[in-house]
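Construct all of the structure, not just a fragment, from the sequences and the given hints.
Here the sequence shown is numbered in our numbering, starting from 1 and rising by one per residue.
Among the hints, a few may not be true.
[Said to hold, decoys possible] Across the chosen pairs, the derived CB separations fall in these ranges:
1) D22 to S144: 19 to 25 angstroms
2) N126 to D39: 17 to 23 angstroms
3) N126 to F149: 30 to 36 angstroms
4) E169 to G12: 17 to 23 angstroms
5) E123 to I162: 37 to 43 angstroms
6) P35 to T105: 41 to 47 angstroms
7) D39 to K142: 31 to 37 angstroms
8) R183 to R88: 26 to 32 angstroms
9) R183 to P93: 23 to 29 angstroms
10) I162 to N126: 37 to 43 angstroms
11) D158 to R183: 14 to 20 angstroms
12) G37 to Q190: 29 to 35 angstroms
Keep in mind the hints are simulated off the structure, nothing from the lab.
Ideal placement from N, C-alpha and C gives every residue a C-beta, glycine not left out.
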Amino acid sequence: MENKIKIVFATGNAHKLQEINDISKDSGIEFILPPEGFDPIEDGTTFEQNSYIKAKEAARLSKTLSLADDSGLCVEALNGEPGIYSARYAPTPQERIDKLLSKLTESGNRRAKFVCAMTLVDESGNILTQQTGECHGEIAKKQSGTNGFGYDPVFLVDGFGITMADMSEAQKNKISHRSNALRKIITYLQDNLK
1 MENKIKIVFA TGNAHKLQEI NDISKDSGIE FILPPEGFDP IEDGTTFEQN
51 SYIKAKEAAR LSKTLSLADD SGLCVEALNG EPGIYSARYA PTPQERIDKL
101 LSKLTESGNR RAKFVCAMTL VDESGNILTQ QTGECHGEIA KKQSGTNGFG
151 YDPVFLVDGF GITMADMSEA QKNKISHRSN ALRKIITYLQ DNLK
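Right, here's the structure in full:
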């Protein structure tokens, strides 16, 4: 497909943008970073609200179709923690993992899921569709793997017996919460942007 549809993906994270473009590479859609000055205040109380805040700000700056995601780890034994605070649970990625593992030391229940909510808005910031993807698993007792980021080294994916950080990018992009949500968004775009 020569003429790719370009859509702003509301992130400052180049790694995440690369992941999104890897997942959508045969879709005829290319995601690009938002313009300078993108720095929304994520003060929503749900993944959906935060993804909408980011998408709306990206659309305001770029005056074009914009997509945003908000995602995090929800642990059953911790009543859904760290949830929307996953990225702010502790100051560094390693401290976030350490805090999570220490909170689960006494728990027999290590069930968890990654959740990703995506919001697609038009150039005026109106919601076109919101989709959610999940990836289920449990929290490992010790970390393993060097691929990925965030809580990937302690997230054992159901049915695989390895952590998300032990997976190749290609494997992860087939099963991740982000890819599950993004595929629904791409289907919507392909059906509606003919």
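Subject >> Outcome of range test on Cβ distance (D22, S144; 19 to 25 angstroms) >> reply: holds (23 angstroms)
Original post:
Taking the CB of D158 and the CB of R183, does the distance hold inside 14 to 20 angstroms?
Top reply: About 18 angstroms separates the Cβ atoms of D158 and R183, which means 14 to 20 angstroms holds.
**OP:** With respect to the beta-carbon atoms only, verify the hint that G37 and Q190 lie 29 to 35 angstroms apart.
**Re:** holds (31 angstroms)
Subject >> Outcome for the supplied range 37 to 43 angstroms, where the beta carbon pair is I162 and N126 >> reply: holds (41 angstroms)
Original post:
Does 31 to 37 angstroms hold as the CB distance between D39 and K142, or does it fail?
Top reply: holds (36 angstroms)
**OP:** Look at the Cβ atoms of E169 and G12 and judge whether their distance stays inside 17 to 23 angstroms.
**Re:** Taking Cβ atoms as reference, E169 and G12 lie about 20 angstroms apart, which means the hint holds.
Original post:
Between E123 and I162, does the beta-carbon spacing fit 37 to 43 angstroms?
Top reply: holds (42 angstroms)
Original post:
Lying within 41 to 47 angstroms: is that true of the beta-carbon distance P35 to T105?
Top reply: Cβ of P35 to Cβ of T105: about 45 angstroms, so the range 41 to 47 angstroms holds.
Subject >> Range agreement (Cβ of D39 with Cβ of N126, hint 17 to 23 angstroms) >> reply: Holds - the Cβ-Cβ distance for N126 and D39, about 22 angstroms, lies within 17 to 23 angstroms.
Subject >> Outcome for the supplied range 26 to 32 angstroms, where the beta carbon pair is R183 and R88 >> reply: Since the Cβ atoms of R183 and R88 sit about 28 angstroms apart, the hinted range of 26 to 32 angstroms holds.
Original post:
That 23 to 29 angstroms hint for R183 and P93 (C-beta), does it hold up?
Top reply: holds (27 angstroms)
Original post:
At the C-beta level, are N126 and F149 separated by a distance inside 30 to 36 angstroms?
Top reply: holds (32 angstroms)
Figure legend: structure checked against the earlier numbered hints; every hint is met.
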